[in-house]
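S.K.: With chain V's structure known, arrange chain G on it following the hints.
Each chain is listed here by its residues.
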Amino acid sequence: MDWQGQKIAEQIMQIMLLAFSVIAFATGYIMSSFQMMILIYAAGVVLATLVTVPNWPFFNRHPLKWLDPSELEKHPKPQPSLNVNSKKKPVKK
Amino acid sequence: MHSFGYRANALVTFAVTILALMCGMASLSDNFNSPSPSAHVQLRISNSLTPFTHLSVLNINWFQKQPKANDEVSMTLNISADLQSLFTWNTKQVFVFLAAEYETPKNSLNQISLWDGIIPNKEHAKFWIHTSNKYRFIDQGSNLRGKEYNLTMHWHVMPKTGKMLADKIVMPGYRLPEEYR
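Sequences listed follow chains V and G, in order. Letter by letter, the first sequence follows residues 8 to 100 of the numbering used here. Letter by letter, the second sequence follows residues 2 to 182 of the numbering used here.
By construction, these hints were calculated from the structure, which means they are not laboratory data. Since this is a predicted model, take the numbers as computed values, not measurements. Cβ atoms here follow ideal geometry from the backbone N, Cα and C, with glycine treated the same way. Do not rely on the hints blindly, as some may be mistaken.
Reference listing, derived: stretches of chain V covered by chain G, where coverage requires no fewer than 3 residues with Cβ under 8 angstroms from a Cβ of chain G [unchecked claim]:
(1) 20-29
(2) 40-47
(3) 58-70
So these bits of chain G aren't anywhere near chain V, every CB distance computed over 12 angstroms [to be verified]:
(4) Pro36
(5) Asn91
(6) Ala100
(7) Glu104
(8) Lys107
(9) Lys148
(10) Thr153
(11) His157
(12) Lys164
Isolated chain V, as found in the complex (with noise of 0.2 angstroms):
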């Protein structure tokens, strides 16, 4: 997911469990029903982990742009001392 796509995701997590936790209740009390409260609120939950949680495409609308490989070669990454590598771990018998 791209940035924009992480706001988007956690957003539609908080709306839609808080919408559905809201509808269950409501029917719950009107109905006089606890395990219809429950239930509807289950399937809220099962719904929105569908929506949030997987790493659907339309999560990547602004990709982020990684810089090209020929941009890597203009600008070397500093190398280590060779004194590091010529030590070496004692083999153990």
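M.R.: Just chain G now, kept in the frame of chain V:
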């Protein structure tokens, strides 16, 4: 919301927190309920000449050989009650019991549970039951001849989420017979 695990964790935590809030609100909604229960108890002997007298059989203890033994009463009860207004959407069950209360020189209050039952839903809450006492009515001593006592119906409302509440109705004016039978 960088990775799969991070999003899953955030979602589950938020969902459980909201669930806790919903249960709290369900528990608070019980306060809007104002119950008006009623109860009535009749005691009778099945072979009595006057069916609405105030007591059935006063059995002396079965430790007949011991002179210092405790009084015991066995009675038949006709209990009718309407506890339907105690039930809300958040009620799991109601535990109801009937207790006899009286005073002796030794104790200022004696309470003995005579019968109890569990009411699982609103349909069973309006009931009429004809039974002998489930638990023995035994005194600490020999104080029961001619004793005046109250019958109190207690109930405990057990919710699906939240705090249990207990209440009672007192029915005074019952009296045990003067002599052993």
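S.K.: Could you run down the list of hints and mark each one as holding or not?
M.R.: For each hint, the structure was consulted:
Counting residues of the segment 20-29 of chain V whose CB falls under 8 angstroms from any CB of chain G gives 5; the rule of at least 3 is met. Under a criterion of three residues with beta carbons nearer than 8 angstroms to beta carbons of chain G, the stated coverage of the segment 40-47 of chain V is upheld, 3 such residues being counted. Only residues whose beta carbon comes within less than 8 angstroms of a beta carbon in chain G count, and the segment 58-70 of chain V has 4; three or more means the coverage holds. In this structure G/Pro36 is separated from chain V by more than 12 angstroms, as the shortest Cβ-Cβ distance comes to about 15 angstroms.
A beta-carbon of chain V comes within 12 angstroms of the beta-carbon of G/Asn91; the shortest separation is about 6 angstroms. A cut-off of 12 angstroms between C-beta atoms confirms that G/Ala100 is not in contact with chain V; the least separation is 31 angstroms. For G/Glu104, the condition that its CB be more than 12 angstroms from all CB atoms of chain V holds, with the nearest at approximately 43 angstroms. With a least beta-carbon separation of about 47 angstroms from chain V, G/Lys107 lies farther than 12 angstroms from that chain, consistent with its non-interface assignment.
Residue-level check passed: G/Lys148 sits 45 angstroms from the nearest beta carbon of chain V, beyond 12 angstroms. Remark: the non-interface label on G/Thr153 is consistent with the geometry, its nearest Cβ contact in chain V lying 30 angstroms away (cut-off 12 angstroms). Listed as a non-interface residue, G/His157 keeps its Cβ farther than 12 angstroms from every Cβ of chain V; the least gap is roughly 19 angstroms. No beta-carbon of chain V comes within 12 angstroms of the beta-carbon of G/Lys164; the shortest separation is about 16 angstroms.
Consistency note: the structure conflicts with earlier hint 5 alone.
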